[in-house]
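*Asks:* Listed here are the chains, written in short residue letters.
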Amino acid sequence: MEGFEYKDIFATKAVEYLVILAFLVLLVLYFRLLNKQAKGAKSDRPPEEMRVPLIDFFKVAAGYYYHLGHAWIKPEKNESVWVGMDDFARKLLGKIDELVLPEPGAPLMQGESGWKIKIAGKGLDILSPVNGQVEDVNQILRDHPEKLSPDDFTTSWLLKVKVPKLESAMNNLLSGNMATAWLNETVKQLQRDMPDTLRENISEEDIKNKGLARLMDKNNWVSIAEKFFKPVRH
Amino acid sequence: MADEPSKSSLFWSEFKRFTEFFISELKPKGKLFTPFNIIATIIIVVGVVILFFRFAFGLGATTNLNQEFPWGLWIGFDVVTGVAFAGGAYVLTFMVYILRLKKYHPIIRITVLNGLLAYVFYAGALLLDLGRPWNVINPVIGNSFGVSSVLFLVAWHFMLYMMAEFIEFSPAIAEWLGWKRVRKVLGSFTLAAVIFGIALSTLHQSGLGALFLMAKSKIHPLWYSEFIPILFFVSSVFAGLSMVIFEGSISQRVFRHQLTREFHAAHHEIVYGLAKICAGAMFVYFFLKLLVLIHGQHYELLNTGWGYWYLVEIVVFVLIPFRLYTQAVRYRNMSMIRLASIMALIGIILNRLNISVITYQWNAAEHYIPSWMEIEVTLMVICAEIIVLRWIVNRMPVLKAPPGWAREEKAEDTRPGFLITKMESE
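Chains G and E are the protein sequences, given in the same order.
Just remember that the working numbering sits 48 ahead of the position in the first sequence, which is counted from 1.
Just remember that the working numbering sits 17 ahead of the position in the second sequence, which is counted from 1.
Bear in mind the hints are in silico, worked out from the structure with no lab data behind them.
Warning: the hint list may mix true and false statements.
Unchecked claim - Straight-line distance between alpha carbons at most 30 Å, and here's what the computed DSS-like set of lysine-lysine pairs gives:
(1) E:417 / G:164
(2) G:170 / E:293
(3) G:236 / G:275
(4) G:236 / E:48
(5) G:166 / E:293
(6) G:87 / E:48
Predicted, not measured: the structure shown is a model, and the values here were computed from it.
Could you build the full structure based on these sequences and the hints that come with them?
*Replies:* So this is what it looks like as structure tokens:
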């Protein structure tokens with residue numbers, strides 16, 4: 049195909065050996081450099097001191113049963129339960145503009161949309177924690193959603209629901225240590241998604257007004273919130 | 018005998034269920050009239066028309082190929098570059114299944130799927146370029162094996178590797194169809210397929226380079242070297258992983274609703290790990306290029322037009338992304354990693370095109386410039402691959418969690434979401 053070509057293969061050998069030796073030395077140095085994290089490098093993990101407080105920051109109340117969509121129930125007598133949104137949901141969402149609650153008599157299905165909230169013109173479905181029929185609706189909160197207080201469990205119920213098969217509905221709910229463990233996992237997930245700048249300058253007032261989701265990302269907070277309110281089904 | 022009617026009715030009811038499920042899955046999910054869909058449809062329709070002409074009237078009617086330039090964009094970009102980009106699959110399966118680096122497990126399926134589709138579509142584009150495409154089967158059926166040709170090796174490797182990748186991906190298909198027993202059997206083949214696939218990959222990544230050893234007098238001396246196969250192999254490591262990083266940053270946005278907690282939790286760490294490997298591979302690659310340059314004794318050619326072009330490839334698209342990867346890993350900067358991956362990918366496109374198209378017949382009076390139809394068909398191949406990828410990802414457990422019954426035992430129990438799953442089922 050091509051003609052004979054004379055090439056002195058020894059002409060460059062010395063240089064090639066030197067290059068290979070330099071390569072080996074530089075490889076060791078480069079490997080060390082690559083594995084050493086630079087000063088001021090961002091860390092993906094939340095700083096140690098942030099981890100524990102934020103976990104305790106969300107309350108899990110005794111006697112309450114939690115659904116993975118961040119709603120709780122508190123059983124009453126006669127197969128009735130109080131239903132509300134958990135502390136995590138309220139701190140994630142902040143101040144709610146409008147609460148669209150179902151009317152008394154409306155049926156609810158566990159894991160399906162139970163009620164709707166509206167914030168800054170955007171709507172978000174919250175999953176119902178139980179199957180049943182709505183008996184009563186918290187009129188005060190419906191008219192004044194801003195009164196939904198993150199600190200008070202007793203006045204923050206949204207619906208009273210009659211649940212015919214409470215036992216089986218409770219199989220899918222978590223309470224006590226289980227609820228705490230689950231919430232801790234959720235919080236770790238939240239911390240991973242949180243930008244570093246926010247992690248360092250988080251204030252309770254901001255959380256109360258704007259909610260963590262909007263603080264994390266002003267434009268895409270709905271998708272952040274949806275990720276937590278619609279648990280991955282397996 | 019008494020069982021027979023019930024067995025057959027069981028079969029038919031299962032068959033009916035499967036058919037109904039399959040037909041319902043064929044329907045598009047999501048909006049039909051998105052900007053991407055509209056543009057992709059136009060490109061594909063035009064591409065099909067061009068391909069009709071190509072097969073009816075031959076390569077001359079649609080391409081600028083001739084006796085002097087038998088290989089053009091379809092080989093140089095689709096096949097040679099596409100295969101380098103698919104290299105992520107063998108690197109990652111090696112890391113996960115052989116080295117047992119479990120950290121990278123969440124992205125294994127999407128990477129294998131990408132690799133498989135890249136081979137089916139890009140290497141499949143080889144058929145468009147063959148004068149008599151039906152003869153492609155000859156090296157396989159033995160109607161003249163052609164054992165002394167590098168193409169014999171490439172043909173067999175492509176075919177076997179596609180099968181190996183299909184087997185690696187097949188558990189996801191079985192999970193989608195709900196075939197529990199089939200899933201179990203296919204899952205047991207994975208490791209064998211992976212080992213086989215890695216052997217094939219390392220051989221044919223370099224084999225593609227070996228094809229160009231026959232064109233010594235035609236390729237510019239700065240690009241031609243006896244070591245092209247080794248350079249192709251080493252560069253396929255960072256080409257493939259850069260593609261994984263680049264595609265990951267896109268699919269994280271497009272398919273964000275499907276991503277598992279496992280994926281979310283591990284994503285940053287995975288990308289930093291991949292970027293580190295890219296940086297290391299580019300370090301090795303740069304030194305190999307340097308050695309090849311010294312060995313070739315063509316320094317004087319560096320001070321010519323082609324020499325400057327060579328330096329652009331090496332300095333701008335090897336050294337700069339290498340530096341960016343290094344910095345990004347040390348400072349843990351995701352956007353810098355994305356930029357580095359894009360530059361590395363452009364570098365690979367340039368390198369492969371330089372060898373197969375741009376500097377090919379560099380001293381000839383006329384040069385090959387692809388026709389608009391060749392570019393259109395290349396775009397068609399890319400669009401078709403993206404559409405098929407999207408169809409599969411939206412249906413099968415590629416990014417989303419596999420169904421509960423298919424979850425692999427111990428190894429996956431440590432993932433963050435498992436606690437919840439476990440409690441849910443209790």
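*Asks:* Sort out which numbered hints this structure fails and list those numbers smallest first.
*Replies:* 2, 4, 5, 6
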